[in-house]
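Protein chains in written order, with the working numbering: chain A, 1 to 426; chain B, 1001 to 1728.
In short, the hints are calculated from the structure, not lab data. For glycine and all other residues, C-beta sits at the position ideal for the given N, C-alpha and C. It cannot be assumed that every hint is accurate.
[Unchecked claim] What the simulated footprint calls covered on chain B by chain A, stretch by stretch (three residues with Cβ under 8 angstroms from a Cβ of chain A suffice, anywhere in the stretch; the number is not a length):
#1 1036-1048
#2 1075-1089
#3 1356-1368
#4 1605-1619
[Stated by the list, open to error] Straight-line distance between alpha carbons at most 25 angstroms, and here's what the computed DMTMM-like set of lysine to aspartate or glutamate pairs gives:
#5 Lys1024(B) with Asp1007(B)
#6 Lys329(A) with Asp408(A)
#7 Lys1054(B) with Asp393(A)
#8 Lys1386(B) with Asp1328(B)
#9 Lys1057(B) with Glu1029(B)
#10 Lys1210(B) with Glu1195(B)
#11 Lys191(A) with Glu1068(B)
#12 Lys400(A) with Asp323(A)
#13 Lys1127(B) with Asp322(A)
#14 Lys191(A) with Asp1170(B)
#15 Lys280(A) with Asp322(A)
#16 Lys1127(B) with Glu361(A)
#17 Lys1127(B) with Asp374(A)
#18 Lys329(A) with Asp374(A)
#19 Lys184(A) with Glu1384(B)
#20 Lys184(A) with Asp1158(B)
#21 Lys1127(B) with Asp372(A)
#22 Lys1127(B) with Asp378(A)
#23 Lys1281(B) with Glu1029(B)
[Unchecked claim] Now the stretches of chain A that chain B is said to cover, found in silico as 3 or more residues with beta-carbon under 8 angstroms:
#24 193-200
#25 339-348
#26 386-396
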Amino acid sequence: MPETRLLFKNIDVPGIDRIDVYEQHGGYQTLRKAVLDMTPEAVVSEVMASNLRGRGGAGFPTGRKWSFLPKDGRTRYLVCNADESEPGTCKDQEIIYKDPHLLIEGVATSAYAIGAEDAYIYLRGEFKVGYQILERAIAEAHEKGYLGDNVLGSGRRIDITLYLGAGAYICGEETALLESLEGKRGNPRLKPPFPATAGLYGMPTVVNNVETLSAVVPIIAMGGAEYAKLGTEKSAGTKLFSVSGTVRRPGNFELELGKVTLRELVFDLAGGPLEGREIKGIIPGGSSVPILTPDKFDTLLDYEALQAAGTMLGSGGVIVLDDRSCVVKSTLRLMEFYRHESCGKCTPCREGTVWLGQVLERIESGVGRPGDLDLLADLCVNIEGRTFCPLGDAAIGVLKSGLQLYHDEYQAHIDQGCCPLGEVVR
Amino acid sequence: MITLTIDGREAQVPPGTLILDAAKQVGIEIPIFCYHPRMDPAAACRMCLVRVEKMPKLQPACATPVSEGMVVSTDTDEVQTAHAGVLEFLLANHPLDCPICDKGGECDLQNNSIRYGPQATRFADPKRHLDKARPLGPIVELDQERCIQCTRCVRFMDEVAGDPVLTIHDRGGHAVIDTAEGRTFDSVFSGNTIEICPVGALTSRPFRFKARPWDLDEVDSVCPHCPVGCNIRLSVRHGEVKRILSRDNEEIDWGWLCDRGRFGYGFLSHGTRLEQPMLRKEGRLVPVSWDEAIAVLKERMQGGKSGALGGGRHSLEAAYLLRRFVQDAGIKNVDHRVLPLYTAIAPGPVGRIDDVNDADLVISLDAELLEEAPVLALRLRQFERKRGLRIVSVSPREGLLDMPHQEAQTPDIAATLRAIAQGEGDLGQAFLSAQKVLFIWNGQSESVFSALDAAVKARSGETATLVVGSLANSFGAQAAGLLPQDGGLDARGMLEAAAAGQFDTLLVFGHDILSEFPDAELAAQAIEKVPFLAVAGTVPSETTERADLVLPVAAWAESDGHFVNMEGRAQRYYAGSDRGVNVVDDWELMARLLGIEADYDRILAEVQAALAPLFGKERRQGAQAPTGGYRPAEGAAIAAASIYYKGVTPDPFLNSLIPGARVAVAADVAAQAGVAEGEEVEVGGYRAELHEDPGLPPGAVLVRAGQDGANRALGRAAAVRALAGRSE
């Protein structure tokens, strides 16, 4: 089963990060077409017709998101969410590092479509090299007239400002991102109002993921209807999947949605398990969604099929656990992440992640107590759906399913006082 | 109106009402921590989660507005589990040092736990250990372990006080409240954060570990420190005021207090009160009986060469009886206007604090609200923030208002005001077309009074004026008639007469003339020359030391009475704390002078009958021009108010907050004098640090009340001489 490369079409072209090479491969033709031959409304219509859904994790239809902007003459902003921080997800990073002009073209085209003169790319704090790459690419685009006061002679001004965050997962949540972008502490905002009506500096704002905005380029190039033919009716187009964990060929893969199964992705494209190992579970959508066990590996990779299987497509971060991976240690590792990244604004996430971490630590260390598994499950109940933002739900996604699917493995840690897989007891 | 159902009860509320408030209206309490009715919802603590039909998740009642046909449940198993779950999380790392916690007994965490909490905790791990006593500033100490991260304090400083000095450091389980880098918590509103803290995390230096809340008697009172008249509660234990809390009055204070009001009680019991009537005999003050003291004073206070000064610091009842007494005794020399900053009531309609709510334009005439009427500033800021209320400061000085506003700097306030009243410029147009204009004036000059009078008359819409900068009962003293009668002398006139040896008896009521009267030299001469000086007050001062008769009266917290605030609103306060056995109520002193029975109820009834408008609901009418009192000489230093000052309420704790003696000068004066920033100078015998203030007009010297002797620096000659001397 081959990949279907739209976003990754040129990803392996040497020097594609330089504008000359990018142009030689058809780069900026989409922006040219949009600003010179199309009205902004026409661009929006194409995106609507493409059925593109947000690639950051929530899967909200992009065209509809754009249509929520009030037509009241206020300044509008486009913000690109490049705070890719979810463990197991590294797709945006590859676009930024290897094919930065694709993102710039996507941002500029989208900014034109929604009527924003100023666009911001909010980069994860750790993407310091990515920042430099994008900085150079933006300068190149300015020089060639793709950005600036008069884009390609159209009379339209489009500028992109880069902003490097301070290294917080929570800033991937769009309102926390906006707070951070405004120079404040990156805590999520109370909604409503939603960014579409009161976003950056209180102005109407669209926040889209790197992959989403990059996808606008092939969509305008091929036409929304054509793009919509890819994938399924509700899950149109292609999606990037990042496969990590114990597989032979981890990496990013671009797949047509709904045409490839999880098994095909992990076993064929990513090379399958390491020698002598067996895969016991896969987290298919980043570190915050329920695990799938081998009986579900034939699930097709699209929003609906994964939901039917009890999990989510999420960000497309596929994390593979094999029979040598301790589920307790894995879930503890993830809990350590969420505990560290919780902003602390709301009680259940702030206190719950710390407590869950403490319980998992002792189970993993072989000093778990009877009743700890019930406690873990119950604490998950007290977090799920009750936090201020989705981070709380994200924190317990894997743990909750782990407790159900691998109950015996957790219990064995408590009963035996050590890891049944032979891990060294701390 | 929107109709919704909460736990089967139908509620009808206006659109935009929050579920929390709708529930309250039908008698259903939803527990909260982070929500505060005077601030924007944060929805952070998750204590108020409720089930709303058709919504996928539980919703925070504090942040969810009602909608038509909404069905809300607050007591299902699911909601109860959520409540218990949040409490279990909050208690997990809470130190549970309730036995020694200031908040014990009135703590939201305790109260919500007993009603909504889990029966037992399942948390059996080491608790988080953080700083137990972190000083945030001169007043507030933080126990980071007790903190539940509701961020009420942070949001108060940001949203209400407009000074975001508090912030959250670090994140997640490590998140702690602290001051912003490089800042200390020195806001004059800092104490409010202690009161709104739902747990015992924020505590005050003066009250920390002093008493258990359930041992305290709460007594309704009114703040004695400025004319805003914030409503307060005295927390009393064994006859001593242990702390002061707010008593939310929608029309006045919204439950906020400034730190002077909240912590200005230490002087009540710090052991240096006037305790005993004293009469000077053979050059020494000796204790005498009240009968003797009263007899001597009655004999002395007679005719044209006697006079009474003061009244703005004490009860309306006392002011009224003093007026009756001087009338009976045929004394025409009466004046309550002793300080530079309170010489007038407004021309025309007197403003009300809640005029701010619907005013279109607020024009501040030389008022410095943070120093003169701090809690009024909070309301202005709130409406500026919520609906962009236009606020303009007309003054020779810049930077008087600590909130977003427009500066209209002018050397001549009256001239600028006249121009505005004639519709000149954008401001003049706004002034004439506004539905409602509120003036806030420091009440200082006759020329401004007449310009203001003309301005009020130039408008067809509603216009009102609040006069700030006076004392807690200045309005009452004025209304009671403590003003020169039939050509009698005003305050300055009396002092001049006394200094000229033409006066027999001066009764000073509630003032330390020597350190407070703006013309310090005149006050000193008058007091030296006057044959008989009687001083009635609460604490010893330079003036009482020189008195011939000292009359100790009760402080407000020890007495019943009324203060009349800047709106002309008489507000009752009740006796809470104990007084010395030989100390009498201020009105009792006056009753005894008059020779009537000191029966409070009968006196009050008489005052209410005589001064009925002060007790009514109608807007007061003003029109008392600022004659008399202090008349600054041409080129004299500007007398500025200070929230913290040494004076007749010498609180040892508050005194520690008074900045050092300071004199501010305009840039050109600093350059001329050749004095370095921060250098000590002597101005009229007052040694102070000199600072350049870019907001001052050319040539100006400003002396801020605060340290004793500041009034000595006000005279023009002294100020200029001192500075010139340095440059020679």
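Evaluated hints:
no., hint, verdict
1, 1036-1048, "holds (count 7)"
2, 1075-1089, "holds (count 6)"
3, 1356-1368, "violated (count 0)"
4, 1605-1619, "violated (count 0)"
5, Lys1024(B) with Asp1007(B), "holds, 12 angstroms"
6, Lys329(A) with Asp408(A), "holds, 14 angstroms"
7, Lys1054(B) with Asp393(A), "holds, 20 angstroms"
8, Lys1386(B) with Asp1328(B), "violated, 53 angstroms"
9, Lys1057(B) with Glu1029(B), "holds, 20 angstroms"
10, Lys1210(B) with Glu1195(B), "holds, 16 angstroms"
11, Lys191(A) with Glu1068(B), "holds, 20 angstroms"
12, Lys400(A) with Asp323(A), "holds, 19 angstroms"
13, Lys1127(B) with Asp322(A), "violated, 35 angstroms"
14, Lys191(A) with Asp1170(B), "holds, 24 angstroms"
15, Lys280(A) with Asp322(A), "holds, 5 angstroms"
16, Lys1127(B) with Glu361(A), "holds, 15 angstroms"
17, Lys1127(B) with Asp374(A), "holds, 21 angstroms"
18, Lys329(A) with Asp374(A), "holds, 18 angstroms"
19, Lys184(A) with Glu1384(B), "holds, 22 angstroms"
20, Lys184(A) with Asp1158(B), "holds, 13 angstroms"
21, Lys1127(B) with Asp372(A), "holds, 18 angstroms"
22, Lys1127(B) with Asp378(A), "holds, 20 angstroms"
23, Lys1281(B) with Glu1029(B), "violated, 66 angstroms"
24, 193-200, "violated (count 0)"
25, 339-348, "holds (count 10)"
26, 386-396, "holds (count 3)"
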